Amino acid sequence: NAGVTQTPKFHILKIGQSMTLQCTQDMNHNYMYWYRQDPGMGLKLIYYSVGAGITDKGEVPNGYNVSRSTTEDFPLRLELAAPSQTSVYFCASSPGTLAKNIQYFGAGTRLSVL
Amino acid sequence: AQTVTQSQPEMSVQEAETVTLSCTYDTSENNYYLFWYKQPPSRQMILVIRQEAYKQQNATENRFSVNFQKAAKSFSLKISDSQLGDTAMYFCALYNNNDMRFGAGTRLTVKP
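Those sequence lines, one after another, are chains H and A. Residue 1 is where the first sequence starts when you use our numbering, and the numbers rise one by one after that. Residue 1001 is where the second sequence starts when you use our numbering, and the numbers rise one by one after that.
Hints may contain errors.
Said to hold, decoys possible - Estimated spans, in silico, between C-beta atoms of each pair:
#, chain 1, residue 1, chain 2, residue 2, range
1, H, 39, A, 1028, 29 to 39 Å
2, H, 39, A, 1072, 40 to 50 Å
3, A, 1107, H, 75, 38 to 48 Å
4, A, 1028, H, 96, 21 to 31 Å
5, A, 1046, H, 73, 40 to 50 Å
6, H, 61, A, 1071, 27 to 37 Å
7, A, 1003, H, 39, 18 to 28 Å
8, H, 62, A, 1007, 25 to 35 Å
9, A, 1074, H, 79, 22 to 32 Å
10, H, 114, A, 1071, 41 to 51 Å
11, H, 16, A, 1063, 30 to 40 Å
Stated by the list, open to error - Negatives, chain A to chain H, calculated, CB over 12 Å:
#, residue
12, 1002
13, 1042
14, 1071
15, 1091
16, 1098
To be verified - Residues from chain A shown here face chain H by an in silico Cβ test under 8 Å; the list is partial:
#, residue
17, 1030
18, 1033
19, 1045
20, 1047
21, 1103
22, 1104
Just so you know, these hints were derived from the structure itself, not from any lab. All figures in this text were calculated on a predicted structure; none of them were measured in a lab. Each residue gets a CB set at the ideal place from its N, CA and C atoms; glycine is no exception.
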């Protein structure tokens, strides 16, 4: 099973550029999440989605956008990248039911904005 | 807002011994879930153990167990018979209503 797949694994972006981090899952999970992890810190929730066509803001949404056109895919868009967005980005998915809200994580994307 | 605090930035333990990692949290909700995640150098987030707040019984998974004190809002992780492969960052997390909050983590080193 592939689980949650994130691409790319690494990327260097120039200040002011834009890019999309890709996330896809093959577990038919309804819930998907994007987090960022700054050095020496825990993960912080950027955006989440409870199903196709439904997204909502997390703790740190500024500077990011998401869309959810299919159950499988949940891309994260960075517009006008800034050095403060240098971080490791994790995508996760979950069945979403109260009894099974365990989140399954991708391997992460390390992004540097220079 | 929900918060999670891990007061031990780093800990070490000898192989085969027992270690306890601390976590405290704050939430106004009554129904929530608590997790411990492990992050080895590979960066992959791996679920260690999960506790439902409505359950009084402490969760156990093989060598890993928790001490859940709901009134004190405390959720510590005990690792028994520590192994070299347990060396990693450990994150405590609180989940409620689509909001997951992580602590800053504890770096655990298991020494041979």
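Hint-by-hint comparison with the structure:
Checked against the hint of 29 to 39 Å, the C-beta distance between residue 39 of chain H and residue 1028 of chain A comes to roughly 31 Å, which is consistent with it. Taken as a hint, the range 40 to 50 Å is violated for the pair residue 39 of chain H and residue 1072 of chain A, whose Cβ atoms sit roughly 31 Å apart. Against the hinted window of 38 to 48 Å, the Cβ-Cβ separation of residue 1107 of chain A and residue 75 of chain H comes to about 32 Å, which falls outside the hint. Range check, residue 1028 of chain A to residue 96 of chain H: about 22 Å between beta-carbon atoms, so the 21 to 31 Å window is met.
Taken as a hint, the range 40 to 50 Å is violated for the pair residue 1046 of chain A and residue 73 of chain H, whose Cβ atoms sit roughly 24 Å apart. At about 34 Å, the CB distance of residue 61 of chain H to residue 1071 of chain A agrees with the hint of 27 to 37 Å. Judged by the Cβ atoms, the range 18 to 28 Å given for residue 1003 of chain A and residue 39 of chain H holds: they are separated by roughly 20 Å. A C-beta distance of roughly 29 Å is found between residue 62 of chain H and residue 1007 of chain A, which places it inside the suggested range of 25 to 35 Å.
At about 41 Å, the beta-carbon gap between residue 1074 of chain A and residue 79 of chain H misses the expected band of 22 to 32 Å. With their beta carbons about 49 Å apart, residue 114 of chain H and residue 1071 of chain A fall inside the hinted range of 41 to 51 Å. Checked against the hint of 30 to 40 Å, the C-beta distance between residue 16 of chain H and residue 1063 of chain A comes to roughly 49 Å, which is inconsistent with it. Its beta-carbon lying about 10 Å from the closest one in chain H, residue 1002 of chain A breaks the requirement of being farther than 12 Å from that chain.
Interface exclusion of residue 1042 of chain A from chain H breaks down, the closest Cβ pair being 8 Å apart, not more than 12 Å. The claim that residue 1071 of chain A is not at the interface with chain H holds, since no C-beta of that chain comes within 12 Å of its own (minimum 22 Å). Against the 12 Å criterion, residue 1091 of chain A falls within the reach of chain H, whose nearest CB is about 5 Å from its own CB. At roughly 6 Å from the closest C-beta of chain H, the C-beta of residue 1098 of chain A falls inside 12 Å, breaking its exclusion from the interface.
Taken as an interface hint, residue 1030 of chain A does not check out: its beta carbon lies about 13 Å from the nearest beta carbon of chain H, beyond 8 Å. The interface hint given for residue 1033 of chain A is met, as the beta carbon of that residue sits about 6 Å from the closest beta carbon of chain H, less than 8 Å. With a cut of 8 Å, the hint placing residue 1045 of chain A at the interface with chain H holds, because the nearest CB-to-CB distance is about 4 Å. Against a cut-off of 8 Å between C-beta atoms, the interface hint on residue 1047 of chain A holds, since the closest Cβ of chain H lies about 6 Å away.
Hint on residue 1103 of chain A holds. Least Cβ distance to chain H is approximately 5 Å, under the 8 Å limit. Proximity of residue 1104 of chain A to chain H holds as hinted, the smallest CB-CB distance being about 5 Å (cut-off 8 Å).
In terms of the numbered hints stated before, the structure departs from hints 2, 3, 5, 9, 11, 12, 13, 15, 16 and 17, listed from lowest to highest.
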